[in-house]
Amino acid sequence: MTEKIAITPSTHTAPPARFSHGVRKGDILQVAGQVGFLPAVEGRAPEVAGPSLREQTLQTFANVKAVLEEGGAGWDDVMMMRVYLTDVDHFAEMNEIYNAYFEEQHLKAPAAARTTVYVGLPKGLLIEIDALAVLG
Amino acid sequence: MTEKIAITPSTHTAPPARFSHGVRKGDILQVAGQVGFLPAVEGRAPEVAGPSLREQTLQTFANVKAVLEEGGAGWDDVMMMRVYLTDVDHFAEMNEIYNAYFEEQHLKAPAAARTTVYVGLPKGLLIEIDALAVLG
Amino acid sequence: MTEKIAITPSTHTAPPARFSHGVRKGDILQVAGQVGFLPAVEGRAPEVAGPSLREQTLQTFANVKAVLEEGGAGWDDVMMMRVYLTDVDHFAEMNEIYNAYFEEQHLKAPAAARTTVYVGLPKGLLIEIDALAVLG
Numbered sequence: 007m008t009e010k011i012a013i014t015p016s017t018h019t020a021p022p023a024r025f026s027h028g029v030r031k032g033d034i035l036q037v038a039g040q041v042g043f044l045p046a047v048e049g050r051a052p053e054v055a056g057p058s059l060r061e062q063t064l065q066t067f068a069n070v071k072a073v074l075e076e077g078g079a080g081w082d083d084v085m086m087m088r089v090y091l092t093d094v095d096h097f098a099e100m101n102e103i104y105n106a107y108f109e110e111q112h113l114k115a116p117a118a119a120r121t122t123v124y125v126g127l128p129k130g131l132l133i134e135i136d137a138l139a140v141l142g
Numbered sequence: 007m008t009e010k011i012a013i014t015p016s017t018h019t020a021p022p023a024r025f026s027h028g029v030r031k032g033d034i035l036q037v038a039g040q041v042g043f044l045p046a047v048e049g050r051a052p053e054v055a056g057p058s059l060r061e062q063t064l065q066t067f068a069n070v071k072a073v074l075e076e077g078g079a080g081w082d083d084v085m086m087m088r089v090y091l092t093d094v095d096h097f098a099e100m101n102e103i104y105n106a107y108f109e110e111q112h113l114k115a116p117a118a119a120r121t122t123v124y125v126g127l128p129k130g131l132l133i134e135i136d137a138l139a140v141l142g
Numbered sequence: 007m008t009e010k011i012a013i014t015p016s017t018h019t020a021p022p023a024r025f026s027h028g029v030r031k032g033d034i035l036q037v038a039g040q041v042g043f044l045p046a047v048e049g050r051a052p053e054v055a056g057p058s059l060r061e062q063t064l065q066t067f068a069n070v071k072a073v074l075e076e077g078g079a080g081w082d083d084v085m086m087m088r089v090y091l092t093d094v095d096h097f098a099e100m101n102e103i104y105n106a107y108f109e110e111q112h113l114k115a116p117a118a119a120r121t122t123v124y125v126g127l128p129k130g131l132l133i134e135i136d137a138l139a140v141l142g
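Residue numbers (our numbering), protein chains in the order written: chain A, 7 to 142; chain B, 7 to 142; chain C, 7 to 142.
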């Protein structure tokens, strides 16, 4: 019997419902949809990193990474990233930010697979990302 | 060689195409996108549980659970839930229903991760949910 | 330590960012979101198979299959397909194409689970599909 473990980085606000920011069971780690919220400040509502796609994307990456690391994984273990944007016109800029970010991460393993689609998100949010990682 | 098994609860209408309501292979169980259809009645078209978000969400949960259980799993094994809503204004109400439902389920393991996005769905449907479970 | 391997079929254009068309680690193979691009021609921009849903869907299937096969898998190993359409009115036609295609593939294992939602995609694209496979 492998235990299912909730992953809750100290930087994260409590989820707005009964879900976990991440869960790990054996070698499988799933990161819930992350958005550009700044590290949680007790007693204050979640605050977005900024109005720009760049600010939100970089903060979203930081939030995904925090969950991965809290769960004993890293970007190299990520198999799939799902990127949700609100505007097709953001695709090129998101890719630029994405490429620059992952270049700086100096990954040893190949880049994860990815799907990008354009959906609705809560007001003020321009990007959401979730990730599936396989460790071991 | 691990066998891939189709999961077809008796309550479910036949899928409208060549896909399975769920599949299991070894410890991985994937539930296809479920909506608020009532248990199938032979010779009748699928019928939605009702026009409200509450009715549809609870029926959708029941349908996901039926697939999990038919496949030998339960909510405690779910790693990821993907919730598709059609209207950002439904987020708060969905979370209320979500929280109350899972409180009643008396889970022993931590809550699954979750991503919620806002998409288009076939006319009359307000919510769709799929789930990835890891057993063992 | 199981190695994470990038899957890059020779038919595929380079991804527009630092992601892989597919990755495999142990028994898990993830196919990135595929669209209806024709096999890559060096020095030319990616070209869509055609303006119709049929052309794009069949080419998308071919692209998913190419990633699966390059990674040592096939349709029989696919657990989950995520189908992204841009128009609810395309559902029935997509299902017809889907059913006919998979009938021709003569699968030995049960059909994969599936979720279909309606999202925005880059201009000119009517369908995108990604897939999770479990081998072994």
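What the hints contain is simulated information worked out from the structure, not anything from laboratory work.
Just to be clear, a hint being listed does not mean it is correct.
If several chains are the same, the list does not tell them apart, and a pair holds so long as it fits within one copy or across any two.
Straight-line distance between alpha carbons at most 27 Å, and here's what the computed DSS-like set of lysine-lysine pairs gives [as the list claims (entries may be wrong)]: (1) LYS31 with LYS71; (2) LYS129 with LYS31; (3) LYS129 with LYS71.
So, going through the hints one by one against the coordinates:
Taking the closest pair of Cα atoms, LYS31 and LYS71 come within 27 Å of each other both inside a single copy (18 Å) and across two copies (20 Å). With identical chains, the CA atoms of LYS129 and LYS31 are never at most 27 Å apart, being 33 Å at best within one copy and 37 Å at best between copies. When the C-alpha separation of LYS129 and LYS71 is checked against a cutoff of 27 Å, the pair qualifies only within one copy, where the shortest distance is 24 Å, while the shortest distance between copies is 31 Å.
Checked against the numbered hints given earlier, the structure breaks only hint 2 and satisfies all the rest.
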